[in-house]
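Participant: Chains A and B supply the protein sequences, listed in that same order. Each residue of the first sequence is one higher than the one before, starting from 1 at the first, in my numbering. Each residue of the second sequence is one higher than the one before, starting from 1 at the first, in my numbering.
What the hints contain is simulated information worked out from the structure, not anything from laboratory work.
In silico SDA-like cross-links for lysine to any residue, where the CA-CA straight-line distance does not exceed 20 Å: (1) A:K110 to B:I227; (2) A:K61 to B:S210; (3) A:K629 to A:Q373; (4) B:K225 to A:R120; (5) A:K88 to B:V213; (6) B:K126 to A:G63; (7) A:K405 to A:S451; (8) A:K93 to A:D205; (9) A:K243 to A:K613; (10) A:K110 to B:L232; (11) A:K110 to B:P309; (12) A:K88 to B:I227; (13) A:K21 to A:S281; (14) A:K351 to A:R433; (15) A:K110 to B:L237; (16) A:K61 to B:D211; (17) A:K61 to B:Y223; (18) A:K110 to B:D211; (19) A:K519 to A:E459; (20) A:K88 to B:R229; (21) A:K61 to B:K126; (22) B:K225 to A:Y113.
Which stretches of chain B does chain A cover? Using the computed rule of at least three CB atoms under 8 Å from a CB of chain A, they are: (23) 215-222; (24) 227-241.
For each label pair, taking beta carbons as the anchor points, the in silico distance ranges come out as: (25) B:P111 to A:D131: 32 to 42 Å; (26) B:M140 to A:D131: 45 to 55 Å; (27) B:T15 to A:I23: 54 to 64 Å.
For glycine and all other residues, C-beta sits at the position ideal for the given N, C-alpha and C.
Chain by chain, the residues run as shown.
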Amino acid sequence: MNEIIESVKNLSIGFNSQKGKQISILRNVSTNIKKGETVGIVGESGSGKSTLALAMMGYIKQGLFPLKGECLFKSEDLLKMSSRQLEKIRGRKIAMIPQNAGQALTPNLKIGYQIDEALRLHTDLNKTERDKKISELLNKVRLPSPETMAFRYPHELSGGQQQRVAVAMALAGKPDLLLLDEPTTGLDVTTQAHVLELLRFIAKDTGTSMIYVSHDLGAIAQVSDRIVVMYAGEIVLEGPARKILKEPIHPYTYGLLKSIPKLSLAGLPASMPGSQPQPGSINEGCSFYDRCNLATDHCKKNSPDLEHIKELDTNVRCFNHKELINQNNNLQTSITKKSNNSEAKEVLKLKDVSISYAKQKFFDQLLNKISDQNPTVKDINIDIKKGETIALVGESGSGKSTILKSIAGLLKTKDGQIKFENDRILSSDLKMRNSNDLRAIQLIFQNPDESLNPNHTVEQILSQPLKLYFNLSGEELKKNIIDLLKKVRLGEFYMSRYPRQLSGGEKQRVAVARAFAAKPDIILCDEVTSALDVSVQAAVLNLLQQLKEDLGTTYVFVSHDLAVVRAISDRVAVLYQGRLCEIGPSQNVYKFPSHPYTEVLLGAVLEPDPDIKPKLVAEDIVEEKPPEKGCSFQGRCPRKIGNICNSEVPPWQIGENGNAIRCHINIEELASLQQ
Amino acid sequence: MLLLILKRIGLGLITLFIVSLITFVGVEVLPGDACTTYLEREAYGAALDACIKRLGLDVPAYERYLDWASNVVRGDFGYSLSGEMPINEVLGPRVKNSLVLASVSILIGIPLAIVLGIITALWRDKLPDIMISTITIFSMTIPEFISATLLILIVAIWLGWLPGIVIIPSDATFYELLSNIILPVVAISMIMTAHMARMVRSSVIQVMASDYVQMAILKGVPYWKMIFRHVLPNALLPAINVVALTIAWLLGGVVVTEVVFNYPGLGRLVIESISNRDLPVVQALAIILASIYVGINLIADLMTLMLNPRLKSLQIRK
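Start from the sequences and build out the full structure, keeping to the hints where you can.
Facilitator: Structure (structure tokens):
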């Protein structure tokens, strides 16, 4: 158990800047991986965690080069090996499971061939033995019908299945060390929990060491024995998983853990100020100095070394870590938010809304016939009150974004009505809406990189809605822009910047400011925090809440992340396959009884706590379209009671907590089942 | 799948139909008719009447179109004015000659372009890339009539290695042709090869940067094996359509080159029949060139469809 299989010694990796300066991305990193151990490397984007992981396979990305140090695999330096020698090690001794299997599988080669390739390269099996082994491997990663699966192309598989194929491929060479680079990022919650469970099983079953790289402390907590926390290219904290997660003694890790929204906690997570420094910008002192609330003048001038704390078996890079030792109880707190007035008037009503992506056939159109009897989104009834935050939650394909697009007028409804203020019907066609209605509903998109025009300055971006809706110009326009920037806590000097000169969080703030520029009544938020780092996510969530409290805006908040939804929303609507499953006040939806689908989703959430294991109650099958009749969740429901689920649409039942559930099982019975 | 192929073929036929209409209408709206333009100053009295009768110009235009079109469908383009012989007989050897010229250029050009493209991509920004890229960009910028003239000047006149112009009858045998076409082939394939090589280069570079190539490297796949199994099939797929366009575009190059080298092919026939105002031949040539264009693009589309597993399974599922 204590045999070290790979050890990184004083590794620095960097690149040459345009000014000819050497800039390091990894700075003096040393760590050891023991046999049979799973090490989680956690950090936010730009912390150097992926660079470190790839270097552990002797792979340095183009443009980068090692500045000093070594990567010893069984006491041989991978960074000094020839490509011939590396071919013998990669896939056979150290194998990689990539982040996005959909893009990491070669599109023109069948699954079977790609696994066979690894077998041919790294084993001495003959053709028949290899064919048998392929089936075995596909079986091991729990893919259905391994015989036919081998003859399929990568694009014919779902995201979760592709990830399983990548796992099978990595296992083909029976490696001693598995490297996982964000292997579950981008998968649905239930799929993610299943893939993690599979990885845990494999680690135990084969005794393989694993390096698990992720930004997600929830996933890391579930698999790791030991955790390495990276910040700005350095290891800032390293130790046993439980210690790191329960008693973090580095202020960054402490802040990171506090900024993760948790299912068990109502209210908003605390955010960390600022953002990670750019590579090359730190000249002296501690790299976390700017964001640290324990920082002293000593930290500004001197950079701390990694210090070993014997009683915790932990290495920490901080002068003041002792101050954190007794603060652990504070980890389980959050910022309470003002709840909204439940007497408020309804501002937006969705009545029997159905949306279909199917194109109407020409003749049906002539005869004015509705051709699609099974639309993507069906029978949505939601009343949204002024000043509330309502969240639409579900996995990919649940229709949550589709509904949002329809409210925005970007997608025509097939049936039903969208009513705005005083029951006035809002056309589902953008061109038919008047300027005031357009102003009243604004959208914030998921990815600010794509939603902000890269050729416009922040001033130009913000001036557009102001000119369009309020005809502002000159000094008044400028004053308004500065006010908006102040609202999203950005300084005046940001006006002349281009989006590329902003960090991810700053970009999303500009996008928020742009939405608020129109003084809207309703803001539609489409996964607004999922492209952001955790610490930045907390800041954006707090900002949205603050703006709402100040201005009385209504949010329709779409997210796949149940913990984020728990933090921000007043009410939650759970969707599956475009049908509502459950709707109610958020504190009640997160309590039992809940709809079986909500139960499945809640069970699959990964908490950054090794003691809370996900409960996998349903298979992670992907359904391509909603069932024609009956309950939308019949295909995956762990509590299915029989034929009635297949034939009849379940009725709404209202629980004593005030959440409405659409299920055939009596709500009291459901409560006792879920106790 | 079959339905899709039929659909593409149908679309091609519609294109050809429209081309035939346009050429026919184009010829119709020219001042005068085939006879007056051809006979010029003798276009009066008995000669004109005889010509009109012979070409059937005394019937309404739409009837003539139908008549002409139905003959074309049967493969009969009618009679040329100048030689007063069947157009098919005029075209036959010319088509063959041009086909020889074009196919030799393609057979040399495409493999060469692919090889050059791959070399420049794999040795990106190193000496082989810099040298080949400079040459390809240089030859891309020189139009055929200049490069053809320069070739004649250098190889035929200064060095005296090869004949400068082709002096063979249009019904020469294949072997006679081959010895004469070296210079025309070089002139034609230069631009085409350069274009395609650039295209292949950028395509390979793009694929080399993809996640699945990084994955293949980390899987321990040896370098050249990775290039042949993981990179090239994916890099060359999008190149197929560009190759088709380049080949179609080569038709224009063939016309110019044939004239410069006095090569008895379709291209020279186009120029000849235009200057002779032999309108029936011009019509026939327009249809033939359009069919080649449509045909090549059709083949390219079908090939992409066959080779791309993503499109293939999409069609099967439908």
